[in-house]
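K.L.:
Protein chains in written order, with my numbering: chain A, 6 to 222; chain B, 6 to 222; chain C, 6 to 222; chain D, 6 to 222.
Calculated from the structure, these hints are not laboratory results. Treat the hints loosely; a few may be bogus.
As the list claims (entries may be wrong) - Example chain A residues on the side facing chain D (calculated, C-beta under 7 Å, incomplete):
#1 Val38
#2 Gln95
#3 Lys97
#4 Glu102
#5 Val114
#6 Ala130
#7 Met131
#8 Thr159
#9 Ile211
Virtual Cβ for every residue (Gly too), placed ideally from N, Cα, C.
There are 4 protein chains.
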Amino acid sequence: MNFKTYLESTGKKAVELAKAAEKVTKETGASIVVAPQFVDIARIAKAVEIPVFAQHVDPIKPGSYTGHVLAEAIKEAGAVGTLINHSERQLKLSEIEAIISLCRDKDLVSCVCANNPSVSASVAAMRPDIVSFEPPELIGTGVAVSKAQPEVVTNTVKLVRRVNADITILCGAGISQSEDVATSLKLGTSGVLVASGIVKAKDPYIILRAFADATKL
Amino acid sequence: MNFKTYLESTGKKAVELAKAAEKVTKETGASIVVAPQFVDIARIAKAVEIPVFAQHVDPIKPGSYTGHVLAEAIKEAGAVGTLINHSERQLKLSEIEAIISLCRDKDLVSCVCANNPSVSASVAAMRPDIVSFEPPELIGTGVAVSKAQPEVVTNTVKLVRRVNADITILCGAGISQSEDVATSLKLGTSGVLVASGIVKAKDPYIILRAFADATKL
Amino acid sequence: MNFKTYLESTGKKAVELAKAAEKVTKETGASIVVAPQFVDIARIAKAVEIPVFAQHVDPIKPGSYTGHVLAEAIKEAGAVGTLINHSERQLKLSEIEAIISLCRDKDLVSCVCANNPSVSASVAAMRPDIVSFEPPELIGTGVAVSKAQPEVVTNTVKLVRRVNADITILCGAGISQSEDVATSLKLGTSGVLVASGIVKAKDPYIILRAFADATKL
Amino acid sequence: MNFKTYLESTGKKAVELAKAAEKVTKETGASIVVAPQFVDIARIAKAVEIPVFAQHVDPIKPGSYTGHVLAEAIKEAGAVGTLINHSERQLKLSEIEAIISLCRDKDLVSCVCANNPSVSASVAAMRPDIVSFEPPELIGTGVAVSKAQPEVVTNTVKLVRRVNADITILCGAGISQSEDVATSLKLGTSGVLVASGIVKAKDPYIILRAFADATKL
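Input sequences plus hints: build the corresponding full structure.
P.N.:
Rendered as structure tokens:
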């Protein structure tokens, strides 16, 4: 679950949201990862036992960089992985590869986002732990990628598998119904990337629980 | 004091460094601001009473942005201001102006960095709270701007004052001796921006104390 | 007149458009500058006698840069100036200043774009030859800045003059009627920046001629 | 041959250099492509019969873009292909994919640069016509990649072939001796990307001729 920079997922509310996710994990056994803003990583990592990811990390080593995000810093704050190249935080190709390599060194899980099947295959060739396919035009629309473009998801899985047999594949964009989660899994992915569908919900717990239950279908 | 992304100023060590700065402030009355990495802002703001700045903030409002830094988030974490456009995190002109405007709205202190006299004047025309002149070629060298380019500092102060009578002027780059601090003030600035000179010191407290004392000369 | 990257202003059609502008200049004495794409600069500069600008130039000196645009190269191709920091090609503050300085050295006219009054003042403080105020939200709309935001134009002129008495001030965005040109001049500017209003017109010559005539009112 | 932005390969001198390359092609049958600056494409394409590439093209369609480089424009100027993502003009991953796709549509040859083996494989997965492996730390040094890192070239060829059987593989960086060309071919590449080694030579024709002869060994 990507917290992005919504007010509903900033500061204290971010902690509450993470606790709701933890509750669902305990109840259902579903694997839920939360990706809050940088400043909220430390207190969320203290407050919950489910995995915390950063939303981004910079391809740098410790040194003279201002306003950058150090892998060592998010790790000390309690993050166990990071999103990379989200469509709202796109990176140069060489930077993506450098961050994947950095994550490998620092034992952080790397989850790289891709906007189409060809880019997904390209990402898979760099061997991160996870590739997440998200067509940007569907992000935040409530129209799920699994419903609007099922054949594109299938094609992505096929192209990705051709270059990388082991990588975990997620999809996202517009996931707002529990059936979207179930469909995504049937299309060959191992999970979904969600944000506004849960963060902006009246009761995030209820939606999260429904999503978690849908993974069991 | 800009903590940058040195290991010596990350996580627990960042808290210790901030406490050393707080101690010097209490002993000398000198005004010291610490600018740690995003993930460390919250714990440092809790641990010390001196002002905490972010090293950067993004020109965005709450919403669908991944891996960005929200003004509301750094404020809730305890920051009271932010560096903007550091030479290691340069921004587009329109972004700088948008962040200054955002800081005004959110009651955050805006400190914009500039790499030469002309850029400093340009920054001053946008009316942030503080402009900090730092020639990038001297950053991290230990050769102080106040010693290497005193006439450039003086010229910067003159050009800045021509367009903005009220702005606070700092200078930085290579500040490593207490006499560099004293000289900077004599050249017409109100303070200095420091990083490696203190962060990488064997005993940061001793250097900070000497710098604080130098402001009284 | 900014040719942007419309098909109607690319290649041979770009030459025809420049010739139409030259014709209007000869007929009316109005000062018209054309800013075609990089690849078209040379043939247009050969084909017409009116001034040709680049749409952008990079802050670099001759050397090991790939895919960059060298001031020396646009000059040898026949350009006499360049747009800088157009809202569709925004630059870091230090880059803008470096390009202004480069233009001064190479005897090229520098025309820097700005998206609001505060940014316009900031640009003026760096002393380019021309500042062009264009609110991005009106670009390409046909709703002229001079009609929609006359007080913002006036305020821009005031703020710019406060920091720079000599600079030439243009405005742009949505200029599509000859009365928009006349109004812009009355609001204190010395001319307008136009693009789609002319490039996409059925007969660009007629619109250009009407615009030129409007400058005499 | 990448002309970059050297004065020795700008304007009239760029035309002379292209003619030297054409002469070598006629004498030896070697396939030489020249990649001049944007403003020089048209006159070089008129002056010589060997293929002309752009050094970069933007991932845009005709429209409201200022200071951008349109595929249609470089094509009308006479280019038959383009470099993409050179280490001196790096792009976001989604941009690279969009440009490859654009080149396919416009019948332009796409040559994507990559800085290491993993990035080369990633590029190959997007199926451009050519991938060119160039370790940035060797560019312009005169220390050839084929001599300094032969096993890295071999490894790149292996990783690239695993995801793409058809792609043309080049290598570059530091190529300055004709034996570097011969070695590069023996390591499994189909050619080399060169720049300063020829552009900055006293007599580029002599070096080019030696390089062309080395491809026959």
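K.L.:
Does each hint hold? Answer for all of them.
P.N.:
Status of the hints after comparison with the structure:
no. : hint   : result
1   : Val38  : 23 Å, violated
2   : Gln95  : 4 Å, holds
3   : Lys97  : 5 Å, holds
4   : Glu102 : 5 Å, holds
5   : Val114 : 18 Å, violated
6   : Ala130 : 4 Å, holds
7   : Met131 : 5 Å, holds
8   : Thr159 : 18 Å, violated
9   : Ile211 : 34 Å, violated
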